[in-house]
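**Q** Let the sequences and hints guide you as you build the complete structure.
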Amino acid sequence: MEKVLSKKAFPQWVKKIESYTIYAPQKDGDLWNYEVFKNSEIIDLDYLNTVLSPKKIIFPQREVLLEFSTSDENRLEVKEVLPDEKPTVIFGVRPCDAKALTLTDKVFGGDFEDLYYWKRRNSTTLVGLTCNTPPSANCFCLSVGGSPHSKEGLDV
Amino acid sequence: MVNLEELKKEARQILKEGKVKYIIGFQRSSNGLLPVPAFIKNPEDVEKLVWDPTCVYNLTLFLRDEKRKKAKEKEPDERPVGIVVKGCDSRAINVLLQEEFIKREDVYVLGISCENTGVLDEKKLAKKLKGKKAKKVEFGAKDDFVVTTEDGKIKIAAQEVLAERCLECKAHFPVVYDVLIGEKTKRNVENPFKSLEKIESLPPKERWKFWKEQIDKCIRCYACRSVCPMCYCDECVADTINFVVTPDTPAEEKAQKIKWLEKSPVSSENFVYHFVRAIHLAGRCIDCGECERVCPLDIPVRFLNKKLEKEAKELFDYEAGFDPDKPSLVSSFKDDDPEDFIR
Amino acid sequence: MAEEFEPKIVAFLCKWCSSAGSDLAGVSRMEYPPNVIPITVMCSGSVSPLYIFSAFNKGADGVLVSGCHPGDCHYIKGNFYARRRIALVKKLLEYVGLEPERFQMSWISAAEGVKYTQVIKDFVQELKPLGPQKKLRRTQ
Chain A
31 MEKVLSKKAF
41 PQWVKKIESY
51 TIYAPQKDGD
61 LWNYEVFKNS
71 EIIDLDYLNT
81 VLSPKKIIFP
91 QREVLLEFST
101 SDENRLEVKE
111 VLPDEKPTVI
121 FGVRPCDAKA
131 LTLTDKVFGG
141 DFEDLYYWKR
151 RNSTTLVGLT
161 CNTPPSANCF
171 CLSVGGSPHS
181 KEGLDV
Chain B
264 MVNLEELKKE
274 ARQILKEGKV
284 KYIIGFQRSS
294 NGLLPVPAFI
304 KNPEDVEKLV
314 WDPTCVYNLT
324 LFLRDEKRKK
334 AKEKEPDERP
344 VGIVVKGCDS
354 RAINVLLQEE
364 FIKREDVYVL
374 GISCENTGVL
384 DEKKLAKKLK
394 GKKAKKVEFG
404 AKDDFVVTTE
414 DGKIKIAAQE
424 VLAERCLECK
434 AHFPVVYDVL
444 IGEKTKRNVE
454 NPFKSLEKIE
464 SLPPKERWKF
474 WKEQIDKCIR
484 CYACRSVCPM
494 CYCDECVADT
504 INFVVTPDTP
514 AEEKAQKIKW
524 LEKSPVSSEN
534 FVYHFVRAIH
544 LAGRCIDCGE
554 CERVCPLDIP
564 VRFLNKKLEK
574 EAKELFDYEA
584 GFDPDKPSLV
594 SSFKDDDPED
604 FIR
Chain C
64 MAEEFEPKIV
74 AFLCKWCSSA
84 GSDLAGVSRM
94 EYPPNVIPIT
104 VMCSGSVSPL
114 YIFSAFNKGA
124 DGVLVSGCHP
134 GDCHYIKGNF
144 YARRRIALVK
154 KLLEYVGLEP
164 ERFQMSWISA
174 AEGVKYTQVI
184 KDFVQELKPL
194 GPQKKLRRTQ
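Residue numbers (the working numbering), protein chains in the order written: chain A, 31 to 186; chain B, 264 to 606; chain C, 64 to 203.
Derived by calculation from the structure, the hints in this document are not laboratory data.
Think about it this way: if two alpha-carbon atoms lie no more than 30 angstroms apart in a straight line, the pair counts; the simulated DSS-like pairs of lysine-lysine are:
no.: 1; chain 1: C; residue 1: 121; chain 2: B; residue 2: 526
no.: 2; chain 1: B; residue 1: 517; chain 2: C; residue 2: 121
no.: 3; chain 1: A; residue 1: 129; chain 2: B; residue 2: 386
no.: 4; chain 1: B; residue 1: 447; chain 2: B; residue 2: 282
no.: 5; chain 1: A; residue 1: 57; chain 2: B; residue 2: 387
no.: 6; chain 1: B; residue 1: 472; chain 2: C; residue 2: 198
no.: 7; chain 1: A; residue 1: 109; chain 2: B; residue 2: 522
no.: 8; chain 1: A; residue 1: 109; chain 2: C; residue 2: 121
no.: 9; chain 1: B; residue 1: 526; chain 2: A; residue 2: 149
no.: 10; chain 1: C; residue 1: 78; chain 2: B; residue 2: 520
no.: 11; chain 1: A; residue 1: 129; chain 2: B; residue 2: 396
Ranges between beta-carbon positions, derived for each pair:
no.: 12; chain 1: C; residue 1: 197; chain 2: B; residue 2: 418; range: 50 to 56 angstroms
no.: 13; chain 1: B; residue 1: 417; chain 2: C; residue 2: 114; range: 53 to 59 angstroms
no.: 14; chain 1: B; residue 1: 366; chain 2: A; residue 2: 98; range: 52 to 58 angstroms
no.: 15; chain 1: A; residue 1: 134; chain 2: B; residue 2: 332; range: 31 to 37 angstroms
no.: 16; chain 1: A; residue 1: 86; chain 2: B; residue 2: 305; range: 43 to 49 angstroms
Computed from a predicted structure; not experimentally measured. Beta carbons are placed, not taken as given, at the ideal position from N, Cα and C, and that holds for glycine.
**A** Okay, here's the thing in structure tokens:
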């Protein structure tokens, strides 16, 4: 069943999912990037695409995998550091970026599942934003079988 | 006014005579405002060449690829490569000649003067047009650009949309060339380092805050390094296992390779990378501005190199890319080099 | 009593002059602050800017590069090249906002044990109020 949410009612919807950490595109100088969204702000959707893809939130460039220390008896103690599964919402994901996440799912899934990736991936909800404005000069989703209205990989 | 036909005629001539292997120039792309590099072998294809304010690239970058290709060939073609350059790009050729990376006979320079204007800054134009898409930009008659949008043609004063570096240009016509197209106009730049004052005038704490914010953005994509014609090292110090690791490399050798900086985009490592690059480009950077243009996060990389350019001029009276016979900045010294900072 | 901050100084000393000077200070039982980590290099001209950035990256509070007096270099010209190069590095670090007191250069000959101790004493005195170097230090 499809529901339609008006732009005016948007802040109320955002308040309802307050318990989640929300990432939304925000303007920083001339560029758009995903930042943690604070309730008091308005989401501005007038952008083509962010500079860095949402993959950075789910699969960061640098993460701590494990910690080790030496104990008193000179024994090595290794502790695995798994990412905490905080419920997260990434808002305003373009269909091309969402498709990219389905591909990384294949890489990290399959026979050997990467726990670090999946802990983050499973606790993240992706809310998509279809492309209505003309694509930038460098967009190429149609050339690779994608579509500006594709739902692949998106949860909402 | 630069006559494009003159360039085409010259290019056609040297290709017909077989004087050059191919010519590197600019051609229209199938999409978007900026051109793409053209590698022209046939005299008929010379028609593709264009010259307008959108020709921002520094094509001397491809001389590096040409050299690598030639090194691999068993019987290389010894003819020179033709290359279309602006004033700033020609300084890059001088620096490469100075460092003996290429020989003068390896390159046939088709120099084009920027005359009284320069090249476009795409972002400035986009702001000026307020959302309208520009399809074409041409040189106007009187120091202005003629921009074609979907609504027709409009004239914009060049000063408003020129690339930042063009406003402080030191070489608006090529300083080394085999053929020069366009006039050697006179241009007075009062203070070529004026843009630095904005940052230099800040107190140290503010300056740190500014640079920390900018360099923290860096994701170490190395686009700035890839596009710089001076960064031609086969193995970059920032990427210590760039090419020498094969399946046969023993683990011991890999472990003993010095690692000056981590690969991860953490603030401290980003600083080391940018510092090292700035120092390696001291006295070599000719401010083609490409590094800043290609940065996906809009980091003002140019201002690091520009500061060292200023110090090279003020402390050591050295300017990169004007004299290929002069020794480079760091491989020479003067007896009266300043030493007031030394205890 | 709160522990006073003791700055860590990394000193690149040229083997023929400055390092010999520091040895002379030691042999003569001169007292000077123990905050220095001396690294002997063959010539001040061989000090690559990478060494300096690496020292700050690893957490050095101060870096000193020291060589022979101009004209006395064992390799004739090395210290002249160093003078140029270090000037550029100093300007770059200052430009980014690092405190200029943290990076110093000096000419210390093999006979100047006293000068070495003085340079180090002054350096430590200047660094103490600045506190630990946090700006360029690798934290992870």
